[in-house]
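Engineer: As they're listed, the protein sequences go chains U and C. Oh and the first sequence: position 309 is 881 in this note's numbering, straight run, nothing missing. Oh and the second sequence: position 180 is 1131 in this note's numbering, straight run, nothing missing.
A couple of the hints might just be wrong.
Derived coverage of chain C by chain U (criterion: at least 3 residues anywhere in the stretch with Cβ under 8 Å from a Cβ of chain U; other residues may be distant) [to be verified]:
1. 1013 to 1022
2. 1079 to 1092
3. 1143 to 1154
4. 1291 to 1304
Below, computed lysine-lysine pairings styled on DSBU-like, alpha-carbon distance capped at 30 Å [stated by the list, open to error]:
5. U/Lys-857 to C/Lys-1264
6. C/Lys-1151 to U/Lys-837
7. U/Lys-837 to C/Lys-1215
8. C/Lys-982 to U/Lys-850
9. U/Lys-811 to U/Lys-883
In case anyone wonders, no lab produced these hints; they're calculated from the structure. All C-beta atoms, glycine included, are put in the ideal place defined by N, C-alpha and C.
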Amino acid sequence: MNVNLSAEELAFRDEVRKFFAEKYPADIRYKTDNGIELERDDYIRWQKILYQQGWAAINWPVEYGGTGWTAVQKYIFANEIAEANAPDMVAFGVKMVAPIIYTFGDDEQKKRFLPDILQSNVWWCQGYSEPGSGSDLASLKMRADRDGDHYIVNGTKTWTTLGHMADWIFCLVRTSSDVARRQEGISFLLIDMSTPGVSVKPIITIEGDREVNEVHFENVSVPVENLIGEEGKGWTYGKVLLQHERTNLAGTARSKFRMRRLKAKTTQSVHGAEPLMKDRNFARKFAATEIELKALEYTDLRTLAAVATGKAPGPESSILKIRGTEVAQAIDALYVEAAGYYSLPFVPSQYAVDFPLQDRIGAGSESRSSLRYFNNRKASIYGGSNEIQRNIVSKHVLGL
Amino acid sequence: MDFSISEEQAMLVDSVAKFIDNDYDFETRQKIAASDAGFSADLWRTYAELGWTAVPFSEEDGGLGGGPVELMLMMEQFGRGLVVEPFLANIVLAGGVMRRLATADQKKKWLDPLIAGELHAALAFAEPQGRFDIANIATTARPDGQDYLLNGKKTLVLNGGAAELLVIPARTDGGQKDHSGITLFAIRGDAPGVTRNSFKMVDGHQGAEVSLTDVRVDGASILGEVGQGYETLHAVIGEATLAVSAEAVGIIRAMQDKTVEYVKNRVQFGVPIGSFQALQHRLVDTLMACEQSYSLLLWAAMTNAAGSDEAEKAISAIKYQIGTAAVHVAREAVQLHGGMGVTWELDIAHFFKRITSIELLFGNADYHLDRYAGLS
Ligand SMILES: Cc1cc2nc3c(=O)[nH]c(=O)nc-3n(C[C@H](O)[C@H](O)[C@H](O)COP(=O)(O)OP(=O)(O)OC[C@H]3O[C@@H](n4cnc5c(N)ncnc54)[C@H](O)[C@@H]3O)c2cc1C
C-alpha cells in the first residue's frame, strides 16, 4: 500500500504542469487570480486550447476524442488544473450531455454533436429542473407531443446554469402520461435554443450575479431526430448522467488550492494587521478544515482506485458530493472570516479588468469572499441536494 | 422575576411592528436599499416623528429615557423588517457617544438635530489593521497650536458616506493598542482633509472608508476628556453589540417562521417536504437555537439595564450565540428553501446576508468566546 507516483506518473505530472505554465493565457489567469468574472469568449478560447492539446474530454472513450488516461493521470490533471487556477471545461457539454450521446445516441447523433462539443463550438446547458420539480425530478411536466416528424414542446425549465450563454439545451421532457410509473413517460431531447418559442429569463442569485435562468418553451418544434435513444427511456439515461455529475462534485483539488492560498494570505500581514494565523482560534479552525479535506481526498482516492479496477462509482459517490460541498462551504466561511470587515463592502464594479487593483476596497479579492460564500450555498442544494444524497446513501448503502 | 414588558414598552414595540407590517414590506425595503442613498431620508424623518430616534436619550436631552430593554425591543423589529435606515450608526453609535460625553453646547449643536432626524452621523470604530479590537488605533491626533491635526484611516464606517458628523477615535498618546491615550473627536464629514470612499454593503446597508490627512480640529470638537475616550467607546460598542444581537434574533425568528411555512407548502414526491422527518428534526434544532438565542438576549438586556456585574459577560455570551447558533439557523433556512433560498428575489437571501454581516460586526464568535472566558 502506498500513494507514491511512479516515474511515468511523475513525468506526466511535469508535462501537464509545463502545459499550464506555457499555455494558460495570462489575461485569463489575471481574471481568475483576481476574482474577475470570465466572459463566454474566455471560456471558449481556453477550452479550444485544451482541445488542441487533446485534453478537452479527458473522460471520453478514445475513439471519440478522449485521453485514455488512467484514474491516476486524471487525478494528477485535476490537481494541476486547480493549481494553475485555470477553469475546468464547462461541464454541461463535455461532462454531461456527451456521455449520454456516445452511450445512448445513434451514429448520426454522435457525428452531429460530439465534434462540436469536443471543439467547444457549441455551448450546452442542462434542462432538468422545473419550478415544480426539483428534488422530485420525475414529476416534471414539460411536454413534448409528437406531431409527424416533430415534437411540439411546451413548458418551463428553471435554474438553468449559464443558459443565457448556451446554444443548445438537453432536456428531460414528458412524452407520455399514460404509463404505470411516471418515470416511464420521460424522454431525453436535445433542443436548439435558437428555435422560435424558446425564451430565456434571468434569475439573479443571492450574491447579485446572473448565473441561472428560467427557460420557457412555447410550441417549440423539435425534429424527432433530436430524441436520444428510445422514447420513454430518458429517465434511465438521465440517471447515468446524474451519477457522472456526482463524481465530479468532490472538488478536492480546488479545495486544496484554496486552502493553500488562504494559508499564504493568513500567514502574512494584511492591512498592517498581525497575521491571522497567529490567532490560535483561526489556526485551529484552519487545521480542522485541512484534516477534513485530507480525509475527503483519501476517500476520493479510494473511489478512484476502485474505478481503476473496473468498478463503476456507485452510491458511495454521494458521500463525495456531500462532504465535498460541505468542506468547500467551510473554506468559503474561512475566507470570509479572514477578510473580516473587508468581506462586507459590495462593490462588484471593482472586479473589472480595467479597474486598478490598488484602488480596490479590500486587499486582493477580499470583498469577493462573502459573495463567493453566499453563492456557494448552492453547492449543497444543486446536483441532487445533500438531503437527497443522504437519502440515497441510507437506502442504497445502508439498506434502510 | 417578571418577563412581561411595561405598557410603554408594549406601545413602542407596537408602533415599530405596525410600521414594519404596513409600510416596510420586502419590496419597499429592496427599493430603498437599491436607491442611491441606500436608505430613505423621508422614512428617517418618520422614525424621528414617531419618537424612535429619541428612545435611548435622557428626558433632559430631549429623549424618552429608554435603555437596553427598549433598544432590544426595537432592534428585534428592525431585524424582522430588514430595515436599512441608519438607526445603529446614528442613534446607537454616534448618539451613544454624544449622550455620554457631549457638553451642553455640543449637545445643542449635534445631539438635538440628531434626535430630530435632521443630522446624520457615524462613529468610526474600526481601523484596517485592528480587526475587532476597538483599542487598536493608529490614527493620530497631533497638537498644533490650539488645534489638533488628525491623520489615519478608518474602515467600515457605517453610514460614513451620508454622515455630516463623524466621531473619530484618535490617539493623542500611548501605544497602538493601549486603552489610554484615545481621544474622541467630532468632525464634519466634509472637513478639509477628509476623503470618503462610500460603498453599499452586502447586507444593503451603507459603509465608507475614511481617510484623514491633516484634518484640523479645534479643542471644542473634543468629546469628553483628552486621552480618556476608551471607556466610552467600549460602552457604546457593547451597547451596539447588544443591538445587533437583538436584530439578529428578530431575523432568525423571521427566517424560522418563513421556513416552517415554506416546508408546509412546498410539495415534492407528492407530499409537503415538511412531512420528511429528516427536515422536521432540523427545524426543531433551529427552533431551539432561536429560543436559546432569545433567552441569552433577555439575559443580556436585563443585566445591562440593571448594570449588574454580569452585564459584560452577557454581551459576549449573546454575541457568541449569534455567531454560532444564528448563523446555523440562517444556513438551514437557505438550505431548506432549496434553489429559492439562493435567489435575490426572496427575502431569505437578504436575511442571510444581514446575519453574515452581524456575525462579524463588533467581533465574531471566537472573539467573544475569548472575551467571555477572560471575564469569567
Ligand atoms: C445555483 C443553481 C444552479 C442550478 N443549475 C441547474 C441546471 O443547470 N440545470 C438544472 O436542471 N437544474 C439546476 N439546478 C436545480 C437544482 O438541481 C435544484 O435546485 C435541486 O434539485 C433542488 O430542487 P429545488 O430547488 O426545487 O428544492 P426542493 O426539491 O423543493 O427542496 C427543498 C428542500 O427540501 C429538501 N428535500 C426535498 N426532498 C426531500 C426528501 N425526500 N427528504 C429530505 N429532504 C428533502 C431539499 O434537500 C431542500 O433542502 C440548479 C440549482 C441552483 C440553486
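Engineer: Of the numbered hints stated earlier in the document, which are not met by this structure?
Structural biologist: Of the numbered hints given earlier, those the structure breaks are 1, 7 and 8, listed in rising order.
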